[in-house]
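Protein chains in written order, with my numbering: chain A, 1 to 397; chain B, 1001 to 1425.
Treat the hints with care, as some may be off.
Derived PhoX-like pairs (lysine-lysine); straight-line CA-CA distance at most 20 Å [said to hold, decoys possible]:
1. A/K42 to A/K54
2. B/K1274 to B/K1295
3. A/K54 to A/K64
4. B/K1280 to A/K327
5. A/K27 to B/K1322
6. A/K27 to B/K1251
Anything over 12 Å on all C-beta distances counts as not near chain B; from chain A, calculated [as the list claims (entries may be wrong)]:
7. V11
8. P51
9. K58
10. S63
11. A66
12. D90
13. D97
14. F136
15. R172
16. P218
17. S253
18. S291
19. S329
20. D333
21. L336
22. K397
Here are some of the chain B residues that sit facing chain A, going by a computed Cβ distance under 10 Å [to be verified]:
23. R1246
24. V1248
25. A1287
26. V1300
27. R1302
28. H1310
Derived from the structure by calculation, the hints contain no laboratory data.
Heads up, the beta-carbon is just placed ideally off N, CA and C, and yes, glycines get one too.
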Amino acid sequence: MAKSICLYFQVHQPTRLRLYRFFDIGKDSHYYDDFANRTILKRVAQKCYLPMNKLLLKTIKASKGAFKVAFSISGSALEQFDRYAPEVLDSFKELADTGCVEFLCETYYHSLSSVASPAEFEFQVQRHKEAIKHYFGVEPVAFRNTELVYSDSIGKQVYEMGFKTMLTEGARHIMGWRSPNYVYSNDFVEDQSLLLRNYSLSDDIAFRFPDKSWASWPLTAEKFKTWVDEAEGDYVGLFMDYETFGEHTDASSGIFDFMEALPQVCLKDADFHFYTPSEVAAAFKPVSELSVPNPISWADEERDLTAWLGNELQNEAFSKLYGLQEKLSILNDPVLWADYGHLQESDHFYYMCTKFFTGGDMHKYFNPYNSPYEAFINYMNVLSDFIIRVNDAIAVK
Amino acid sequence: MFGWEFPPHIAGGLGTACKGIVEGLAHNGVETLFVMPSASGDEDQSCTTIINASDVEVHNVSQTVDEFLDKVKFIHVDSNLVPYVDPDEYFEAIEKMKKEKRTSTTVGFGQKFKFSGKYGANLMEEVSRYAQVGGTIAMQHAGEFDVIHAHDWLTYLAGIAAKELSGKPLVVHVHATSFDRGSDDMVDTRVYAIEKRGMEMADRVVAVSELTRNIVINKYGIDPSKVVAVHNAVDFSGRENLQVERGVRDKVVTFLGRITYQKGPEYFIDAAAKVLKRTKGVRFVMAGSGDMMNKAIRQVARLGIADRFHFTGFLRGSDVQKMFALSDVYIMPSVSEPFGISPLEAMRSNVPSIISYQSGAAEILKYAFKVDFWDVDAMADDIYALLQYPALSKFAEKHGLEEVNALKWDHAAAKLKNIYEQITK
Chain A
1 MAKSICLYFQ VHQPTRLRLY RFFDIGKDSH YYDDFANRTI LKRVAQKCYL
51 PMNKLLLKTI KASKGAFKVA FSISGSALEQ FDRYAPEVLD SFKELADTGC
101 VEFLCETYYH SLSSVASPAE FEFQVQRHKE AIKHYFGVEP VAFRNTELVY
151 SDSIGKQVYE MGFKTMLTEG ARHIMGWRSP NYVYSNDFVE DQSLLLRNYS
201 LSDDIAFRFP DKSWASWPLT AEKFKTWVDE AEGDYVGLFM DYETFGEHTD
251 ASSGIFDFME ALPQVCLKDA DFHFYTPSEV AAAFKPVSEL SVPNPISWAD
301 EERDLTAWLG NELQNEAFSK LYGLQEKLSI LNDPVLWADY GHLQESDHFY
351 YMCTKFFTGG DMHKYFNPYN SPYEAFINYM NVLSDFIIRV NDAIAVK
Chain B
1001 MFGWEFPPHI AGGLGTACKG IVEGLAHNGV ETLFVMPSAS GDEDQSCTTI
1051 INASDVEVHN VSQTVDEFLD KVKFIHVDSN LVPYVDPDEY FEAIEKMKKE
1101 KRTSTTVGFG QKFKFSGKYG ANLMEEVSRY AQVGGTIAMQ HAGEFDVIHA
1151 HDWLTYLAGI AAKELSGKPL VVHVHATSFD RGSDDMVDTR VYAIEKRGME
1201 MADRVVAVSE LTRNIVINKY GIDPSKVVAV HNAVDFSGRE NLQVERGVRD
1251 KVVTFLGRIT YQKGPEYFID AAAKVLKRTK GVRFVMAGSG DMMNKAIRQV
1301 ARLGIADRFH FTGFLRGSDV QKMFALSDVY IMPSVSEPFG ISPLEAMRSN
1351 VPSIISYQSG AAEILKYAFK VDFWDVDAMA DDIYALLQYP ALSKFAEKHG
1401 LEEVNALKWD HAAAKLKNIY EQITK
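Chain B with its partners taken away, still in its complex shape (with noise of 0.2 Å):
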């Protein structure tokens, strides 16, 4: 299996989602070999035995691995395309990028090559060289496993140069795609290149969702006996909700989540004007960073209700429970959400939730508010039943926790074992 990275130093919820899988096969009997750019140790091997890409020298396979690396054509380019890097890491690695004025680079053999694993300015050279490396991991552990995974297309090479090497069918796993990084015509086309040649090599292609899974077939054109939607699941165990001690009386709605236009961050500042129109007992947050950020404060100031609306800036560690335990409504407007764990996250801290229809989630969640992204008078007639009708709020804070506490990664494991056994037969 090949991944970019796994709790806990996490960027994004890729890692988890990792983590979760390998769990969920170890329950159902199937053994995992993970592999990662960069490991720091102190990942949780109970589940899976961790390969750490930096450790392994591709100097025996070189020549095999070059062959095909000149199919591949791999090319540098200075990339700011950054799939879950937090938007300040992301603003440190442009700004970077720009001082070292960097030039392209060519792939080396014969030494060991220390991966960052991070979502940097060099992201383009990480994802080829660890290409090299997956050839090389797929030659020398032949006969160890049956199938290669691979997650997102940071690690689609590996996973091709793998099959190749192998002869081990490949699974892809989208757990997003370009068109949930950008809108539709500022697609990066070098990402959607990698993206699709993994998903044609690939025997199965896995997709978090069947929003996702519609993408797939119908943006990357690939054929729809071979794409296969597996909801992802979220592991709650050991998590006590946080009690907080509130510091303002009044109701708090809440969106969490990078503010960029993906997620939607207008339609919510819309709907909570609308709402503070009819009642004045309610504060909205919104928490998070991202590059609609400057151009969410102005739209808010405009129009003028920025002392009901506020702005927490990127929430780190506990600060997020925290944002949980604070709210009473969640909402995620997303424009386009190949899954969204987050208001997975919220239910389980009992607070209601209003989610897209455009996000994979809504697909699973029956007891989630749903509506259109663009429908923020839907959206602020929601906000306002669940802040005045207790009976409603109660009624999806009870059945919302009881389904997402439901939903396991045991089950979506069993789902993948299926896709092996079938593409192993």
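This is chain A alone, in the form it adopts within the complex (with noise of 0.2 Å):
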């Protein structure tokens, strides 16, 4: 008997690049694609975030502080915000001053690192704590990786940073025959909580929402209470991408009328709550240790790491990539660290996905590319251009 919803989005937008010739390479080093970039973030603004904000802010208001909700924003959509679309982070500054929104700490670049480099992730994860911190001025406590990639190792990683609590996927293969509805702690260390999340409730709004193929469309808030009432547990981790409100899903399939009227529905119970994952892992004891040691996701069936290193290609870019990282430790050039973290982003590697060749809707929903290998090509043009400015600001010292 759940009682209690855990709602977290993820707000993300990818510095995608521009097209990148072999002709270009070591001529000219600006990589992104700026029209692309301003023209997506600003139609996502218009539908998803700011009115999704606004509603947020209307039902935490009207529910006096009983509705909650987290959010973590990666710092490439924060740096997108503030250069095209700063009335968007006011509005996500209006909902943290609220109290009822918690800011969770994720890589800045939405990158990869926790699987590659260690002292990258960790520069990477602080980077994103002080970014939080100036734009929202809250300090978080809790972490979710880059597409909830968790593994024992890299939870301990976490913890080491200070984070007791962390946010993952409740992977089917992982969890087994226990419920995604405790909290869990991490096999390594006892301390830190796992809040998983149900994948099954979770996508029920986030995919099927508007499929009205589906038995159990169309879905109301009445129908959707009921579920989690009847779900074995303490919670039910509700945790989908915030571009689900608008952009994924269209307006007029009623997704904001559902989100308006779930939280009035739920609170119209009076035992029902809704709680930050911080407050949940406050809230709850483990019930027992999960142990993971390969890293999962919240990525396609397999919910593994194939979608960013699952083929030759991407293995290839991003060992190139990390191949780099020791020479860019001695190297104290902003501007090369800022090239270096917008190409980690883990959207480039996704591009080069090859698995969408049999299947995978989503996969191609989120490509600007007509194919893996046009990805590729691309971006390791890029790459090589990088290389080179690497190499010559190593030389000059």
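Hints in hand, dock the two standalone chains.
Put into structure tokens, the structure is as follows:
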């Protein structure tokens, strides 16, 4: 009998690369498609961020603080808000000021550095922590890694950086018979609480909601609450992309109305609560430790890293990129470091995924390239230019 | 003379070669009527008279042609055989064909047929219609010509029709064969049949190299005494080499062409990996696209050399010249190449070239480096040497330039004129 919901929304926009040709290598070191980035950001701001923030703010106020949510906003997205749509930052700030919104910490560049370089991982986590403090005046205490990537050892490093609460996927192959609706603890560090995504109920909202062929369509707040009530456990972790609302799922589907109704319906029940991740960790004791020797994520059926590091193209690009870590560590050049960060965004590797040859609508939806091969060529051209710059900087030194 | 395309609107090398040939013939005092399926009107007619097959009505001779066509038995098939098309168009054509779900078309008479003159999905239909028009033109212009000359299989049926109806001798010119388009066990039998028929009906078969001549003799069973090799030339008049500022300081080794089985892209990649083991100051570029491109990209990634091995995709217009201008070594590791004009262009741009023995160009280029396409060690050695020893690359540049500048279509045309004279006696 779960009597509470933990809502967490992921906010991220990749820094898309421009068409970067071989002829540009060594000549032009601007890598980004500013036009696409601005256009997409402004569109998503109008369709999703601004109306949804407004809706959440209204709901929080109407509930007198009983309704709570959490956000994780990547540094790449923050940079784009700052540059193209500062009004979005203002509306997040308003949400932050209610005290009902928790901001989670993640890697600044929405990167996979946690599986590549502990030093780079730590650097980006610190950088993100500072950014959240800078923009919203709060210090994050709970952590979510890019794409909910988690393993025992990643969790341990996150703990050592000061985060006692971490979010990850309630992956079926990890959970087995166990329910994701409890708090678990890290297998290496007993003191770290793990909050798991209930992928079934999360995806009911994030993916199945607009699907008219779905047996449960149309999904109403009342129906959804009965599912939560029936679920075994302490809380239900509903973790999803924030862009679900209005961008991935069009407003005409009624998704905004659903999100407006859900808290009202739930809070009619006096025993029902909305908790932020830190509150969940404080309210419920871990029921057992969870052993995750190999990294898991929230992506695809496999719930592993193969969407980003599953073929030779991705592995090659990834190893060439992180092969620069040592050289960069002796360079104190903010411009180089910024490009290094943007090139680490997990999206670039996602575009090179070949899994969508056999389905995978999500991959197609997010991909600005016609094929993973194009994505690879373009990325490697950019990276080649970047490598030249790094080597030049080393030579000067 | 029956061709399929003529500059400025060309998809492959065939049109360029045809222009060189008619110009060379003009300089040798031979007049030509050049028939093509779809002329645009902006072709250079200073050396030939262009006849646009799309303007020709087949009405008045339909009966005669009809009789003839019965014998030839045209089949229309939805064909994806595309000899010189650029890969993007190829995929488009296939997609389009899938959508249209074309059924077989009968060849009709009494009207003009608008040819696309391209290498599209209904190529076979165009080829057979072109034969009808070819016969008609031969009758209309009877008395104006002495020899019929047909370029590549697309025009062979037109050549045969013209020969049947006019009684004039036929020369078929083999720029490429089915064996250069697919591997031995992947030959399009419909095209092969047309090629073989054209060669058999011809009084002389001209091949663009000894290599192609041998294919004509061995794989098509043609009498060696009527097969003659006339090597291609190249016309660089009026072309200045581009000056391009380099972005990368490393040396650049370039492969430029369709990324298909016949061009041997995988050998280039293997050689590149070997060179990169020994030296870092070099980058490799594979310019072009094709059905093996994705495989090539995976091979590069697997070998872990993607930071030094770049793909440009299909290059258009001046980007080709730009690519040559950025190159230090050009490589053409073709598995099967009837001639191969690209190393000549490279050498003209002062880029030393490494070419495979399995290319027609290898027969005439003394100052190109030659290796077997499969011998990636030798390829790597040559690349390394050209990069490391400036004396060698300077030597190859200087003599290579002189060599390609000495190749003239006039010489090739003189040989053709000689052939014409033999068969009109």
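Taking the hints in turn, this is what the structure says about them:
no.: 1; hint: A/K42 to A/K54; verdict: holds, 16 Å
no.: 2; hint: B/K1274 to B/K1295; verdict: holds, 19 Å
no.: 3; hint: A/K54 to A/K64; verdict: holds, 15 Å
no.: 4; hint: B/K1280 to A/K327; verdict: holds, 17 Å
no.: 5; hint: A/K27 to B/K1322; verdict: holds, 15 Å
no.: 6; hint: A/K27 to B/K1251; verdict: holds, 16 Å
no.: 7; hint: V11; verdict: holds, 32 Å
no.: 8; hint: P51; verdict: holds, 39 Å
no.: 9; hint: K58; verdict: holds, 49 Å
no.: 10; hint: S63; verdict: holds, 52 Å
no.: 11; hint: A66; verdict: holds, 52 Å
no.: 12; hint: D90; verdict: holds, 42 Å
no.: 13; hint: D97; verdict: holds, 47 Å
no.: 14; hint: F136; verdict: holds, 39 Å
no.: 15; hint: R172; verdict: holds, 31 Å
no.: 16; hint: P218; verdict: holds, 35 Å
no.: 17; hint: S253; verdict: holds, 31 Å
no.: 18; hint: S291; verdict: holds, 33 Å
no.: 19; hint: S329; verdict: holds, 19 Å
no.: 20; hint: D333; verdict: holds, 20 Å
no.: 21; hint: L336; verdict: holds, 16 Å
no.: 22; hint: K397; verdict: holds, 18 Å
no.: 23; hint: R1246; verdict: holds, 7 Å
no.: 24; hint: V1248; verdict: holds, 4 Å
no.: 25; hint: A1287; verdict: holds, 8 Å
no.: 26; hint: V1300; verdict: holds, 8 Å
no.: 27; hint: R1302; verdict: holds, 5 Å
no.: 28; hint: H1310; verdict: holds, 5 Å
When the structure is compared with the earlier hints, no violation turns up for any of them.
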